[in-house]
Amino acid sequence: MSLIEFKNVTKQYKNGVTALYELSLSIEKGDFVFIIGGSGCGKSTLIKLLYREEKPSKGSIILGGINVGKLRNRSVYKLRRKLGIVFQDYRLLPKLTVYENVAFALEAIGEKKKNIRPKVLKSLELVGLKGKVREYPDNLSGGEQQRVAIARAIVNEPKVLICDEPTGNLDPLMSMEIVELLSSINQKEGTTVLMVTHDKEIVNKMKKHVIALKDGHLFKDYKKGEYVNEIL
Amino acid sequence: MKFFRVIGRSIRDAFKSVGRNFSLSIAAITCVIITLIIVGVALIIKENVESATTKLKKDLSIVVFVSNDADNFDVNSLETQIKGIDNVDPTYVVYQSKAEIKSSMMEESETFKNIMEDWDDKENPLQSVYIVKVIDAEKIGETANTIKNLENVTLVKYGEGMVEQLIDVFNGVKNFSYGAVIALVVVTVFLIINTIKLTIFSRKREISIMRLVGASNSSIKFPFIFEGMLIGVLGAIIPIVLVIYGYYSLYNILGGKLITEIILLVPPKEIVFKIGLFILIIGAVVGMLGSASAVKKYLKV
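Just so you know, the sequences run in chain order A and E.
Under numbering that gives the first Met the number 0, think of the first position of the first sequence as 0, with each following residue one higher.
Under numbering that gives the first Met the number 0, think of the first position of the second sequence as 0, with each following residue one higher.
Be aware that a few hints might be false.
With a cut-off of at most 27 angstroms between alpha-carbon atoms, the simulated DSS-like pairs for lysine-lysine come out as follows [what the hints assert, rightly or not]: (1) E:K121 / E:K138; (2) E:K132 / E:K101; (3) A:K111 / E:K203; (4) A:K81 / E:K203; (5) A:K121 / E:K15; (6) E:K173 / A:K118; (7) E:K203 / A:K94; (8) E:K299 / A:K94; (9) E:K173 / A:K47; (10) A:K47 / E:K295; (11) A:K77 / E:K296; (12) A:K77 / E:K273; (13) E:K147 / A:K69; (14) E:K220 / A:K94; (15) A:K94 / E:K196; (16) E:K299 / A:K158; (17) A:K158 / A:K219; (18) A:K118 / E:K101; (19) A:K69 / E:K296; (20) A:K112 / E:K220; (21) E:K101 / E:K173; (22) E:K121 / A:K47; (23) E:K15 / A:K111; (24) A:K13 / E:K203; (25) E:K173 / E:K296; (26) A:K6 / E:K299; (27) A:K6 / A:K121; (28) A:K111 / E:K220; (29) A:K77 / E:K295.
Because the hints were derived from the structure by calculation, they are not lab data.
With the hints as constraints, model all of the structure from the sequences given.
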């Protein structure tokens, strides 16, 4: 049984635009997957469906036994606790320090006070920011801010880490560092990682499982190492 | 245990975020202060109008003229009958004999004195009266009619026409003051809700991140609801102090009456604490409702 299972998923937005057509795919536990494709191919819709920001119009999405599409609004938090989510624009709270930003995720889900500090420090150490706990996000570089966002996403030890263009705002060097960080989290913690990107260089270098979308359809599902300098 | 941890954290967060979003909190609190002061003043006016009209209504009385043919027995039976009428206040049915009236009129003016001096009891054309107060001033006309039909009653006077108009005016003033208070409370509610919405709008991002990391809707709502309550309660303090202190000093400066002795102010200790409590409750409840409704908007997907 796969960890994530899309069955004939169609997503049509209220304005009539159809972003995904009858999409079926499955992702195994512990996998590292790139989701690639041109603008408007449905990559972002695909992951929005995964964390239930959007509901599928047709078909079903199962994540770790949860039928995501059928989840009621007030139960969404049960799904979100199994996920870590990282965005292109980091989405940090500027008035909180690095430490507080990461701790915020644990406080929000009612974690015990005595567990918060060790978990936050462990996760900041994992992303290599243990020396910057007292800094505010605005004083950090883009790469560092993204590391904070990753630390916040993994502090809760999620089953799946979803990254929506996490390197979109970063230069190539920093982008590579972030992807390598995600890859090491994938290997060390066994967290399943889904990363949406349009950075071909990264995808080529990493040689991971790649799901390519085109115009809302599954273009090709490349198994690990199959994707070599493909042009979409 | 977890429930209490969440509640505890909510209260702590509420204080923290009032401090953190200081300028917006101050704006919201100021708005609460101003509107609640107006509500407080309106409530004081309402209480005074109400008490003045009630007092004036209580002073309305019916004068019942007793036939000069009635003997002592008749008069006593008349009194029992009057007291037996539904709307009559049985503790205030006062008898004045014609001799008493004569002497009181003689005291009033020299002219009366000169004329009346020579009258003996038989010659005295005046009539004994009963002065009757009613329980419900609005039914004074009916009650007067009932009394008129009793035996040995020659005439009943209660200021016909004038009294009805006066009661209409009293009721109008009272309804107006009620309406004004209700309208003000409604306006306050909207003002406070909108200001709190503004504070919460500026924290949309915070709420969306809380949802993203898996905070349940109720655990997101709680701190905001506490925060709204805190803003309401903090905003209620100054109006409460002003209402209590202000009304006490006003009462002392005016000597407990407004212009004439007819309109007496309500003694402060009878109303200020009631009004203070009311203001506090409005502040707290409206603050909570405002927050809850504002947050709700951001908890939908």
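Against the structure, the hints:
no., hint, result
1, E:K121 / E:K138, "violated, 36 angstroms"
2, E:K132 / E:K101, "holds, 22 angstroms"
3, A:K111 / E:K203, "holds, 26 angstroms"
4, A:K81 / E:K203, "holds, 23 angstroms"
5, A:K121 / E:K15, "holds, 26 angstroms"
6, E:K173 / A:K118, "violated, 64 angstroms"
7, E:K203 / A:K94, "holds, 14 angstroms"
8, E:K299 / A:K94, "holds, 25 angstroms"
9, E:K173 / A:K47, "violated, 59 angstroms"
10, A:K47 / E:K295, "holds, 21 angstroms"
11, A:K77 / E:K296, "holds, 20 angstroms"
12, A:K77 / E:K273, "violated, 46 angstroms"
13, E:K147 / A:K69, "violated, 80 angstroms"
14, E:K220 / A:K94, "holds, 20 angstroms"
15, A:K94 / E:K196, "holds, 20 angstroms"
16, E:K299 / A:K158, "holds, 25 angstroms"
17, A:K158 / A:K219, "holds, 25 angstroms"
18, A:K118 / E:K101, "violated, 100 angstroms"
19, A:K69 / E:K296, "holds, 21 angstroms"
20, A:K112 / E:K220, "holds, 20 angstroms"
21, E:K101 / E:K173, "violated, 40 angstroms"
22, E:K121 / A:K47, "violated, 107 angstroms"
23, E:K15 / A:K111, "holds, 19 angstroms"
24, A:K13 / E:K203, "holds, 23 angstroms"
25, E:K173 / E:K296, "violated, 40 angstroms"
26, A:K6 / E:K299, "holds, 26 angstroms"
27, A:K6 / A:K121, "violated, 37 angstroms"
28, A:K111 / E:K220, "holds, 19 angstroms"
29, A:K77 / E:K295, "holds, 19 angstroms"
Checked against the numbered hints given earlier, the structure breaks hints 1, 6, 9, 12, 13, 18, 21, 22, 25 and 27 and satisfies all the rest.
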